[in-house]
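Visitor: Protein chains in written order, with numbering that gives the first Met the number 0: chain A, 0 to 300; chain B, 0 to 304; chain C, 0 to 282.
Keep in mind that the hints are not guaranteed to be accurate.
[Stated by the list, open to error] Chain B is faced by these chain A residues, among others (derived, beta-carbon under 8 Å): (1) Ala-25; (2) Ile-32; (3) Asn-125.
[To be verified] Negatives, chain A to chain B, calculated, CB over 12 Å: (4) Lys-78; (5) Asn-122; (6) Leu-136.
Hint data in this document are derived by calculation from the structure and do not stem from the laboratory. Backbone N, C-alpha and C define an ideal beta-carbon position, used for all residues, glycine too.
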Amino acid sequence: MVDLTSPPPRKRATTGLHATSSGQSAERAFRAICLLALALPLALLAVLLIDVLRDAAPRLSWSFLTSFPSRRAELAGIKAALVGTTYLMVLTAAIAIPVGLGAAIYLEEYARPGRVTQLIELNISNLAGVPSIIYGLLGLEVFVRIMHMGRSLLAGACTLALLLLPMIVTASREALRTVPRALREASYALGAGHWSTIRRVVLPMSLPGVLTGVILSLARAIGETAPLITIGALTYVAFLPRGIGDAFTAMPIQIFNWVSRPQAAFKVNAAAGIVVLLAMMLILNGVAIWLRARLQRRITW
Amino acid sequence: MARANTLRVDLKAPKPVGEKLIGWVLGVCAAVSVVTTAGIVAVLLYETVGFFKHVSLGQFLGDTEWTPLFANKHWGIWPLVTGTVLTSAIAIAVALPLGLLGAVYLSELAEGRTRKILKPLLEVLAGVPTVVYGYFALTFVTPILQKFIPGLASSNALSAGIVMGIMILPVIASLSEDAIYAVPGSLRENAYALGAGKLRTIFRVVLPTAFSGIGAAVILGISRAVGETMIVAIAAGQQPRFSGDPTKPIETMTAYIVQVSMGDTPTGTIEYQTIFAVGFSLFVMTLALNIAAQRLRKRVLKGAA
Amino acid sequence: MAASPSPAPNNVVTAPPRPEVRREAEPKSEQGLPPKLRAENLRAYFGKSEALRGVSLAIAERGVTAIIGPSGCGKSTFVRCLNRMHEVVPGARVSGSVYFDGQDIYERGIDPVRLRRRVGMVFQKPNPFPTMSIRENVLAGLRLNGMKVSHEDELVERALRQGALWDEVKDSLDRSGVSLSGGQQQRLCIARSLALEPEVLLMDEPCSALDPTATAKVEELIHELRETYTIVIVTHNMQQAARVADYTAFFYVGELVEFDETNVLFTKPSDPRTEDYITGRFG
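Between the sequences and the hints, there should be enough to build the whole structure, so can you do that?
Guide: Here you go:
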């Protein structure tokens, strides 16, 4: 007999408001996948560094830093390349900084918005995307051949300077923009001319940003190989360059040369060279950070 | 207090010559960029025209063998192009999924602290010199892959492509993240208000809106892979091969230029001109890619406005 | 309503209507000298919008002239036209004339840079140059102009004394310019301008960013300087104008509404708009 007096048994309330476990676990799984996607390349980077250090260990010594290359791997050292890179960076900076900073000052302080300015800015952003080996081709034809610089430090520095120019111009413009308008107006109100204001007020204040940009570009330039190979930097150099017209080699080129040799012993040298190169980059980056912090303290207002 | 009157200044005066000169000098500095571009185009064109005096366009675009340095000379550009395309395709296959997922994580799912640590670490990936990556590809990646792929040659497109992918990953991740970040918050809130969960919002709303920006990021990544030299010069080989097999040695356009530059090539010879012809093709490819990416980005800006 | 004889400001006063509105007053300075600066039909534009509509005003030599008015009335713009700073802003334009010692500064051939050495300016927010010490800040004007200075220490001391800052900083001249308090920084900026020995000092709301003590010090300084310099001060604080200025001009929506001796303007203003502003009907 059916009981008709008591109310029918209630079903459990399914209002649909509770979070579905499937939705949450999907989100968690996705989050894990994304983290993995990021962790994978970073892990590979760590593996790379450890691997290089391990490979390089037998060869890392003071004699490595102070010897010239040799046909015998155990005797080959990185001295010529180390010195070559140092000279190259100094020369490149000497060329790139005035031109890059000058261009940045022109674009920020003198140029009026118009076709010419747009053209210059378009060129700078395009040049940033040109492969570095094309700069090498340009350097080969113009600096090495047409301007008769030969396969010299000067040709290498000019080529690298052109390569770094977009980066330096962009970083310098950012730095110039941080100077507040009020300071420029104060300078004008004192009767200062345009260039005087730039030289004594704007530039000192934007110095930290400019220097940081320059040092970071140099840290990038230090690892550039392709343009230097193309203009003919030598791969076997048993002497130190004495003038800007001399032939030279550089760290990445020496590393490339050693890596390309079949003997395993040279691969060890290549690894050691890489360690030295990375150390140099770390130092440069460290200097950039330290310099920025130090100069920034003077400026806070 | 008596005035010193030592600095009486006349109002009328010609503008100092120094100021005008400075303006001109600075303008010249700025013009260097325009001159550089013009120089690149002029140099590449000049030598390429010289090249095509000896080699017909038909040979360049029709032949599938590239042997300009051998006795039996073939002038087809396709082996080099396929080498470049193959390695770049592998690179993108690695960098796109990882980079995009990473970008989604950084912009949508990560907390501030994680973001602050991970972003700079990703930038480190971009800062490693490419010779180092090349070394890694040759001495570490290839031997490991050889354990899984028996026929893998010691120089091959696969290792180089994979390592190149890691190198361009920061480009894709960072630019995609910018694109995702540019999606207005109101759009997301609308989706949540309609009852969509986080995942669904990301895949159905955010990513489609950021599509142009992500597309630009991918194209720029491809452009960087195409122009990359050292990784492929070290690890991918120096044998131009018109094939899509990633386990064999190939040669990319960039590696060919390196190969010729390492030797002694006097000016004016056809071999010298080949590197400019190849360089010109490379320049055209990367220019086209960069312009396409810029156009896409302009569309993003217009859309967001 | 009968006119009230007491001169206290803030009383509602209706003066008997004057026969003509004194728009182009030719104020005589205390020494009876002709006006130092005279604007004639001065118009200033920011792009297409007109910020000053045909202002004609004469500033007496030596003494203090205050410019008052609600925000946006053009008082800062006017003052910035007096040393040709207005045109520094991109898109800004000026028409009309400003006569400085009888010479129209907007005439062709006049170098604004040289003008600014004789007409100095102090801004609202103190802006000493952060990369320079106190000493270098004082000398900045001269260095920026490329002038060689023979007795630097004397000049620094004299300028800082004129700026009423010497006693406070004489032992720490090499400290950074931004290490001083707000009021001290403003006095440093005044000293910096005075080091160039200008004839006119323009002050654009110099005390707005300062606390009352610092304000009092700067006002005291203005009182000392009025013996030697012609001072034009823009202020949104009417009490300040009443305290420091000999003459006051009231601007409204880009026009000069009324210009008179300070106590006259505040007690018996002739224009109803002036009266409304002074009595606080609008700010």
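Visitor: So, against the hints stated earlier in the document, which numbers end up violated here?
Guide: 5 and 6
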